[in-house]
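Protein chains in written order, with this note's numbering: chain A, 933 to 1272; chain B, 933 to 1272; chain C, 933 to 1272; chain D, 933 to 1272.
Bear in mind the hints are in silico, worked out from the structure with no lab data behind them. One or more of the hints may lead you astray.
Which copy is meant is left open, because identical chains are indistinguishable; a pair holds if it fits in one copy or across any two.
Each computed PhoX-like pair below joins lysine-lysine, with the alpha-carbon atoms no more than 20 Å apart [what the hints assert, rightly or not]:
1) K1084 x K1191
2) K1199 x K939
3) K1008 x K1153
4) K1234 x K979
5) K1153 x K1067
6) K1083 x K1095
7) K1207 x K1047
8) K981 x K1207
9) K935 x K1153
10) K1148 x K1260
4 protein chains.
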Amino acid sequence: MQKYSFKDDYSEGAHPEILNVLSNTNYIQTIGYGEDEFSDKARQLIKNKIQNADVDIHFVSGGTQANLLVISSILKPYQSVIAATTAHIAVHETGAIEATGHKINTVETTNGKLKPSDIQGVLNFHTDEHMVMPKLVFISNSTEIGTVYSKKELSELFTFCKKNNLYLYLDGARIASALTSESNDLNIKEVSEYTDAFYIGGTKNGALLGEAIVIKNDNLKDDFRFQMKQKGALLAKGRLIGIQFLSLFENDLYFDLAKHANQTAEKLAEGIKNKGYEFFTEPVTNQIFPIFPDKLIEKLHKKYDFYVWSHTDKMHSAVRLICSWATKEEFVDKFINDLD
Amino acid sequence: MQKYSFKDDYSEGAHPEILNVLSNTNYIQTIGYGEDEFSDKARQLIKNKIQNADVDIHFVSGGTQANLLVISSILKPYQSVIAATTAHIAVHETGAIEATGHKINTVETTNGKLKPSDIQGVLNFHTDEHMVMPKLVFISNSTEIGTVYSKKELSELFTFCKKNNLYLYLDGARIASALTSESNDLNIKEVSEYTDAFYIGGTKNGALLGEAIVIKNDNLKDDFRFQMKQKGALLAKGRLIGIQFLSLFENDLYFDLAKHANQTAEKLAEGIKNKGYEFFTEPVTNQIFPIFPDKLIEKLHKKYDFYVWSHTDKMHSAVRLICSWATKEEFVDKFINDLD
Amino acid sequence: MQKYSFKDDYSEGAHPEILNVLSNTNYIQTIGYGEDEFSDKARQLIKNKIQNADVDIHFVSGGTQANLLVISSILKPYQSVIAATTAHIAVHETGAIEATGHKINTVETTNGKLKPSDIQGVLNFHTDEHMVMPKLVFISNSTEIGTVYSKKELSELFTFCKKNNLYLYLDGARIASALTSESNDLNIKEVSEYTDAFYIGGTKNGALLGEAIVIKNDNLKDDFRFQMKQKGALLAKGRLIGIQFLSLFENDLYFDLAKHANQTAEKLAEGIKNKGYEFFTEPVTNQIFPIFPDKLIEKLHKKYDFYVWSHTDKMHSAVRLICSWATKEEFVDKFINDLD
Amino acid sequence: MQKYSFKDDYSEGAHPEILNVLSNTNYIQTIGYGEDEFSDKARQLIKNKIQNADVDIHFVSGGTQANLLVISSILKPYQSVIAATTAHIAVHETGAIEATGHKINTVETTNGKLKPSDIQGVLNFHTDEHMVMPKLVFISNSTEIGTVYSKKELSELFTFCKKNNLYLYLDGARIASALTSESNDLNIKEVSEYTDAFYIGGTKNGALLGEAIVIKNDNLKDDFRFQMKQKGALLAKGRLIGIQFLSLFENDLYFDLAKHANQTAEKLAEGIKNKGYEFFTEPVTNQIFPIFPDKLIEKLHKKYDFYVWSHTDKMHSAVRLICSWATKEEFVDKFINDLD
């Protein structure tokens, strides 16, 4: 019997509406490399959504690619990026940022979120040309441990960055889940307002692949397509991603899919709480981190796929359970039952 | 009225069989990052085809990505790659290879193909540590100007490389068209035998996106997935490419699509020849390069999209016309008629 | 009045014997790029000293250059280096290692020294291709905070590295001071035995400039001069550094200079201890880190140059005082007197 | 018997005046990293000479280092540098520029010098984001084959660059020989006027080591010391180069040394011409390229060291003979005699 997977939000293919549109448009000839009409329309829909016609939008195939492109495009050789020690770029991108030549200055956090004081500490430490020059702040929303930024937190961070001549970039691999969280008070327009650039994740929210990089700061716009081509990120059939974002943003499908992910995750979290278990971080998005006895984990692993995140004491561990646009409620129910 | 495009072989979506399989497998949960069962099966089919179970096969999203990954993976920092001046990596990849730190030693050729004597010349010139150390030979088949390597040419090149302690890597963006050309006497098993690594192009032969990198030389196999992840090439939904290669290699669809491309190109070439026009290079694959008067080009451009390749004299230019798996014969006929 | 500097060990020119030999050999014609007879002789003297004729020795102009050359030469693109958070490469080289594409995995230490358990922790955390692959351990002796490795510590570290298929590289900018410390039980032969590569620092021990990179592990020897040339490290007049190391190693001048540095530092430390002050780390080499009241520091700064290292509480700071081959005892005495 | 070397201009140590000043200043304590008073004074002398107080001047240890620093500092990742195929960066720096990520677009020339039309050709070819973006023009004066730019040539090149939004950088490894050539009509003030940045070579004109990078264009000045530190180019005892340039520029010693080199080269060229030999390029600086029968070369090699530059026909080769500040006239006479 195949196990049911709560391992990630990319275990299935794509939302069927996306496959439909790919199929319906299949024989239309278009120009390559993302300059086609579908990509243009998708960009327009996103611009409407963030209420800013002046941003530049580029479609790329994955999150690591988005991050390395944006960061290496912004920074001069001796400049660095500040990130939480839990940041995806600091841990799970195989040194992709360093491979483009840049140091990551990491800061320990309790909840995966950066505060102005964290950044101030890094700035205070870096004083002259014998050290790198911090120039960019990297955050994720939702974070790698499932937490979300409030409007106040993000706006204060942006204000701090501007005051200190830093750029702020937001990794939105799971921005849909963040913005549809019960705990959230931000909208996507504000995300754009309070960052210099960010990306809207498709891969983890129903697309086959694809992320939409949004560049608001004019300083960062020039020649981005050169960067994409050089790093192998300019797809010949760029329409493939354009069409998907067109589907996702035409009728708010993008946010509906995330709501489903959040709601199933919330149901799962409630069920786990009701059984008396605690959480590594407060469950507010589609990634939740309950703490289970290791014996229970062993048992659950026979029926379900999921990651063990970290050992919390000798006999307990936090695990990561992820729900997605495709998660079926029946398996949420089963999982809860299997906790007994 | 929209123009019909002979601009490239990636103007449409994917062969419908591919879309079907994507759709049929859509809700099956799989593990990410190319370790799924579909990708495994696709790898197995390709191994069968090249009759070598020991090669490593990795799926990536595009040709520039494949090239930069393989080349940067093979070379030490001070080593260089030898290529024709017309090579894709030397011209049309925005310095992607140099961006990974490596010089390209270019050689002028008449037909886009490298010979042992070309390489010997580069080796003779590079004698000590004040110059780069050439270590890898890059070729494309079919070449960027539509020509193909014969079995004799490829095997002699490989023998020369081995004798001189060089690696040989073949860019197979259009390998399908090459191997189904009327002029061809190679098969894909021999391509693998006479190279250290090569890639099998999907994007330009009916896939939505995707190339299959085949690594035969054991020295080059280690840790390639680290390289992929670091360069942003490891897709979360790796199955997306695996499934497509599964479709392409299950019933030789891959080669059937290329035959269609070649046959329509041949018909186009014949029609052009019959009208008395000459060619920049002998037309043998799905890329053909007729030489037209500039006035005629201007007229044709009103109905058809295609690239002007180079000016051959004051009043004539070579143009590039490409047929693909999706090219409709009626437009080939129309184009020929429009030559009058 | 000029202040007397305890800021570093490179405030003066070179030991006069070095200037003499430079002068005496000035008009002898030699071949360039470090292949001259003086450099050869210097290499021979060092090989004798470490009792190993099979090492490769290369002279470069500075410590950051040595570090970036060795590390980028050893590592494949996706491999990382493990270092203490206080390591020179992690803090004071402006991201030089990352600029060659490599992540540094840092470990917090209490005394600037790495232990096998520190490294084991990093290895445990890095499990697959989504993370970098740690491959090299970087240590400094003496460390950046003046401590030294014992023979037992270094040999255990090396054994651990070999067992785990890691390389061990030692930054010897201040190896002379380490090996002539009262606390030391290592000799330079053992330093070579218990590392894969290390460098012998000249700049901070009496040379105008220059470090001697010693590569023992055969895997790391190939083509190092290509790396040097490519990174701008191959001096046309390579003899300049060769001659200096010839002077330094001809009659153990190298160690005599370090002894002077250590003895003056020890005298300074004793004086400070006698006045009742404590130290940030135990003073055993030519770098000592006493903790003074901030008011005293302000007063001392009027007569002496030195760095404030870190604030230890609201009213006290650790300062770094360095003695060198050129430090004059009278200023040590004056400094001690000025503590009252 | 040791051969006399006409191989290069760095076979001896330094002009004795330089050694004197190094000796006289040896015990003066200074701050490190090029911020000392000697370096400041040297910078001031150079500013006076080029009559521009607003340039930034940085001292580095060698030419390859200067080139890779300036070029990688100017260019964004996808931008390239245009150079002659004979340019030092294109051939003899082991891919140092590519190692920083940048392509070199090379142009064939007859005399090692670039003209506006050469550059226009490169610009015409590079049209979109599928190719690199040429942004910097690299020239050497004197060139790698001993020729010099006239004032008209350099000013027209600079005007062309400015019109096309390109930077112009001049490698002045042998600028002293160029500016004191009989064929020259430029002075160092004009060299600065007609470039965005250039470097003044010390290593090949009497210094132990050292080049002075002069940055005139304000866009290129920021944070250059960060670049230097990151690339291992910031010497701890920066004074070592500062003091040497102080000596060289205090009483025009710099130009006097070059005059000696040129005059001995001219005498050598005259002697060779008088014996009936021709030259590969017109001999106007301290590098001359006579064409000799291979048999004669064999004979000369028994007494003299020099490079064979290229075979001009089956029985003749061009050789490179270099005179320097240290070349003794008696050996020039002997060489001429030995032609018989």
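Hint check results:
| no. | hint | in the structure |
| --- | --- | --- |
| 1 | K1084 x K1191 | neither (23 Å within a copy, 59 Å between copies) |
| 2 | K1199 x K939 | within (17 Å within a copy, 52 Å between copies) |
| 3 | K1008 x K1153 | both (15 Å within a copy, 13 Å between copies) |
| 4 | K1234 x K979 | neither (45 Å within a copy, 33 Å between copies) |
| 5 | K1153 x K1067 | both (17 Å within a copy, 18 Å between copies) |
| 6 | K1083 x K1095 | within (18 Å within a copy, 47 Å between copies) |
| 7 | K1207 x K1047 | neither (34 Å within a copy, 43 Å between copies) |
| 8 | K981 x K1207 | neither (40 Å within a copy, 54 Å between copies) |
| 9 | K935 x K1153 | neither (45 Å within a copy, 31 Å between copies) |
| 10 | K1148 x K1260 | neither (37 Å within a copy, 42 Å between copies) |
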